[in-house]
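Colleague: Use the sequences and the hints to build the structure in full.
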Amino acid sequence: MRISLNDPVFRAIFWQVVVVGTIGFVVWYLIANTLHNLEVRKIATGWTFLDREAGFAIGESLIEYEPDHSYGRALWVGALNTLRVAAIGIVLATILGTFIGIGRLSKNWLISKVCSVYVEFMRNLPLLVQLFFWWAMFQDVFPGPRQALEPITGVFFSNRGIKIPVPAEHWVHAWMGLAFLAGIAASMVVGRWAAARQAATGEQFPVLYATLGLVLGLPFVVWLIGGAPVAMDWPVLRGFNFQGGLTMTPEFAALLVGLVTYTAGFIAEIVRAGILAVPHGQTEAASALGIRRGKMLQLVILPQALRVIVPPMTSQYLNLTKNSSLAVAIGYPDLVSIANTTINQTGQAIEGIAIIMAAYLTVSLSISLFMNWYNKRIAFKER
Amino acid sequence: MAGIPATADLRPPVSQIKALDWLRANLFSSWANTALTLVVGYVIVRTLMGFIPWGVFNAVWTGSADECKAAKGVGACWAFFPANWRFILFATFPYEEHWRPALASVTFVFLYVFSAIRANWNARLVYVWAGGLALIGVLMFGGVFGLSFVATERWGGLVLTLILATFGIALAFPLAILLALGRRSHMPAVKTLCVAFIELIRGVPLISVLFMASVMFPLFLPEGVTFDKLLRAQVGIIFFASAYLAEVVRGGLQALPKGQYEAADALGLSYWQAMRMIVLPQALRMVIPPMVNTFIGLFKDTSLVLIIGLLDVLNAAKTAAAQPEWRGYGPEVYFGISLMYFVFCFAMSKYSQQVEVEFNRHKHR
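Note that the protein sequences, when read in sequence, are chains A and B.
If you read the first sequence in numbering that gives the first Met the number 0, its first letter stands for residue 0, the second for the next number, and so on.
If you read the second sequence in numbering that gives the first Met the number 0, its first letter stands for residue 0, the second for the next number, and so on.
FYI, nobody ran anything at the bench for these hints, they're computed from the structure.
Incorrect hints may have been included.
To be verified - Straight line, CA to CA, 25 Å or less: simulated SDA-like cross-link-like pairs of lysine to any residue:
#, chain 1, residue 1, chain 2, residue 2
1, A, 112, B, 350
2, B, 228, A, 14
3, B, 190, A, 310
4, A, 294, A, 188
5, B, 228, B, 296
6, A, 375, B, 191
7, B, 228, B, 86
8, A, 106, B, 147
9, A, 294, A, 306
10, A, 375, A, 292
11, B, 257, A, 5
12, B, 257, A, 374
13, A, 112, B, 34
14, A, 112, B, 346
15, B, 349, A, 122
16, B, 257, B, 283
17, B, 71, B, 256
18, A, 106, A, 268
19, B, 190, A, 188
20, B, 190, A, 10
21, A, 41, A, 345
22, B, 228, B, 147
23, B, 349, A, 374
24, A, 106, B, 41
25, A, 106, B, 32
26, B, 190, A, 29
27, B, 228, A, 343
28, B, 349, A, 269
29, A, 106, B, 256
30, A, 106, B, 71
31, B, 190, B, 147
Modeller: Below, the structure is given as structure tokens:
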């Protein structure tokens, strides 16, 4: 190897040393400054603050939480709240987005126009403005509990949030959940078995119906065995507020509605692009082969459309999760909001931001890993 | 010839009645379609019947907060905007000097429109931008030509949104090109650093980057050196935008046929020569539409600086709506502000669609 910048190998090593050296120096300089500044400001670094008493109340929590619990537990409450709004949001946004995406392709002029207008509006307005809008609807427009709007019997909109009736608590519900999980596991086994049998004998098995039957049927059977409880827990006005039923706080409802309607606009475009991406020749070829319409969707169109849809769809799911951090602006106690309060109270800025970043990175990176696996699985296998 | 009916037996096609034909084909083609049209039409009409009296006929368009109060629940309070427009557009900028941010905003819009015209896509564009941004800097800071100095703490309103978005994308652009090239580099150390930066930024929400900029940057700097909140937020936005833009640029680099890279090598061009003269001009041209989309995203995302306390146009409106006499008109306020964002973003997105069509014209036959 010649020691000359004209030698490619030496040049590559030289520049990498320069780049790494420069960045290393800058990082070292910043860290040195930070350590000095922390010393001057008498801020102790470390994670001990997580065990200290938080001292602030949190509006809503999935686990038990009191102000005398620790910061660590408060942050955990926040993380669960983020996951809660993200999980519900993803499901609802997918449903709404798929309908609107298909609606935009409708031959019905009115439907396709309505869907187009929806998509254009949602994509061109900042999410934060939409969140403030919904939040203001609860604050300024919806009446107090006594005059609550009741669009559907039992569902109440008031400035205290949304109230929905839910099935009254019953021991069979837990078993139904277990049966649901068991149904998923069983349908996976059935799917494997059906694929193996089809590979071996060519006989087909109605996997879709079997899956639906197992996943929905098993909980239903368990519900029947449990005596088919139909009692509902209705929200009832008592004094100045409602009791019973499921409560969605104004913060949660505004965040959820905002996230769902916003993300659905993007999902609609992805679904539309995915459907348009399947060339018409594929449909024609399938009908030339004599494949029935339902089978055609299942065997020819969906597998190809999903290949286009799934990657951008996961990034939308990720966006929704990241966007749920805007909760801090309307006061929903998500991870960012609670970490922010923690930073303000303890001054542990570095640790607080590290927690936020680590949490979101964990979610992002695991979804990327899943995506890589999925892309490999569905990639065209050229032989 | 039994199969072909005599022409005299044919009835005139219904399609001669154009409007009716259109209605039948697009709205009432089948029973299901007819039902859908009727249901959706009914919902739209009902919604409009509820909204129009409130939003138009009974609304208070100009006047005082008292008139709005009198109409509360019956009509919308659009009078909020005429009464507060100066605060929304200019926020806390000194009142007598409002013409300066106004002129700066006009300059921004001029720069956008100027850059959108393809006849201007040449070297002159760089000078126009340099001149425009210098003019904006002078107008905003002052301190020269007899203009009084205005500290960045007093900047706000629409011009702040435009500054954050424009400088965000303009300064992120060179960084993004370096990151994209680095990510495709054959040098493992450079590649790793670029991938780590891009994925780190893309993996976290913008808020956490802004928090970092607002509370952690001061710790990074040597003692005694401070730089103001606006600049910190701007740096955070530039980092954030550069990671997303880098992925867009990488898309262009990957879409370029390999023959172009090989041809550049065969001509004996060095790496930077090849990038500057062969690869980037083609790759960047290809990604103009997604770049405009990134800009739209960034323009919308600048509203997040509200969370770290900067008075951008959304925060100015929110602050104005929190005055005691104007409380309770949130839906009207945010509806109005969203229209303003919509005008900017919709124009940009239509433009990017148009450019995309023009770029792909050669593909159509």
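Colleague: Taking the hints in turn, state whether each one holds.
Modeller: Structure-based check of all given hints:
1. Distance restraint check for residue 112 (chain A) and residue 350 (chain B): the Cα-Cα separation of roughly 20 Å lies within the 25 Å cut-off, and the hinted pair is therefore satisfied.
2. With a C-alpha separation of about 35 Å, the suggested pairing of residue 228 (chain B) with residue 14 (chain A) is violated against the 25 Å cut-off.
3. This hinted pair checks out: residue 190 (chain B) and residue 310 (chain A) have alpha carbons roughly 23 Å apart, not beyond 25 Å.
4. In summary, the hint linking residue 294 (chain A) to residue 188 (chain A) is supported, as the alpha carbons are separated by about 22 Å, within the 25 Å threshold.
5. Note on residue 228 (chain B) and residue 296 (chain B): the hinted pairing holds, with a Cα-Cα distance of about 22 Å set against a maximum of 25 Å.
6. Our distance criterion of 25 Å between C-alpha atoms is met by residue 375 (chain A) and residue 191 (chain B), whose separation comes to about 22 Å.
7. Annotation: proposed proximity of residue 228 (chain B) to residue 86 (chain B) holds, straight-line Cα distance about 20 Å (limit 25 Å).
8. Using a Cα cut-off of 25 Å, the hinted pair residue 106 (chain A) and residue 147 (chain B) is violated, with the two alpha carbons roughly 61 Å apart.
9. For a cut-off of 25 Å, the pair hint linking residue 294 (chain A) to residue 306 (chain A) stands: about 18 Å separates their Cα positions.
10. Using a Cα cut-off of 25 Å, the hinted pair residue 375 (chain A) and residue 292 (chain A) is violated, with the two alpha carbons roughly 28 Å apart.
11. For the proposed pair residue 257 (chain B) and residue 5 (chain A), the alpha carbon gap of about 24 Å is at most 25 Å, so the pair holds.
12. With a C-alpha separation of about 23 Å, the suggested pairing of residue 257 (chain B) with residue 374 (chain A) holds against the 25 Å cut-off.
13. The hinted pair formed by residue 112 (chain A) and residue 34 (chain B) meets the criterion: a straight-line CA distance of about 16 Å does not exceed 25 Å.
14. A threshold of 25 Å between alpha carbons decides the hint, and for residue 112 (chain A) with residue 346 (chain B) the separation of about 19 Å falls inside it, so the pair holds.
15. The straight-line distance between the Cα atoms of residue 349 (chain B) and residue 122 (chain A) is roughly 12 Å, inside the 25 Å bound, and the hint therefore holds.
16. Proximity of residue 257 (chain B) to residue 283 (chain B) is assessed by CA-CA distance (about 16 Å); at most 25 Å being required, the pair is judged to hold.
17. About 63 Å separates the Cα atoms of residue 71 (chain B) and residue 256 (chain B), which puts this hinted pair outside 25 Å; it is violated.
18. With a C-alpha separation of about 17 Å, the suggested pair residue 106 (chain A) and residue 268 (chain A) falls inside the 25 Å cut-off, and the hint holds.
19. For the given pair, residue 190 (chain B) sits about 42 Å from residue 188 (chain A) by alpha-carbon distance, which is inconsistent with the 25 Å threshold.
20. Of the supplied pair hints, the one linking residue 190 (chain B) and residue 10 (chain A) holds, its CA atoms being roughly 15 Å apart against a limit of 25 Å.
21. For the proposed pair residue 41 (chain A) and residue 345 (chain A), the alpha carbon gap of about 12 Å is at most 25 Å, so the pair holds.
22. A hinted pair counts as satisfied when its Cα atoms are at most 25 Å apart, and residue 228 (chain B) with residue 147 (chain B) qualifies at roughly 21 Å.
23. For the hint pairing residue 349 (chain B) with residue 374 (chain A), the CA-to-CA distance comes to about 32 Å; that exceeds 25 Å, so the pair is violated.
24. For a cut-off of 25 Å, the pair hint linking residue 106 (chain A) to residue 41 (chain B) stands: about 19 Å separates their Cα positions.
25. At most 25 Å may separate the alpha-carbon atoms for a hinted pair to count; residue 106 (chain A) and residue 32 (chain B) meet this at roughly 9 Å.
26. Restraint check: the Cα-Cα separation between residue 190 (chain B) and residue 29 (chain A) comes to about 22 Å, which is no more than 25 Å; the hinted pair holds.
27. This hinted pair checks out: residue 228 (chain B) and residue 343 (chain A) have alpha carbons roughly 17 Å apart, not beyond 25 Å.
28. Distance restraint check for residue 349 (chain B) and residue 269 (chain A): the Cα-Cα separation of roughly 18 Å lies within the 25 Å cut-off, and the hinted pair is therefore satisfied.
29. A C-alpha spacing of about 38 Å is found between residue 106 (chain A) and residue 256 (chain B), which places the hinted pair above 25 Å, so the restraint is violated.
30. Using a Cα cut-off of 25 Å, the hinted pair residue 106 (chain A) and residue 71 (chain B) is violated, with the two alpha carbons roughly 42 Å apart.
31. Between the alpha carbons of residue 190 (chain B) and residue 147 (chain B) the distance comes to roughly 47 Å, so the proposed pair goes past 25 Å and is violated.
Comparing the model with each earlier hint shows violations of hints 2, 8, 10, 17, 19, 23, 29, 30, 31; every other hint is respected.
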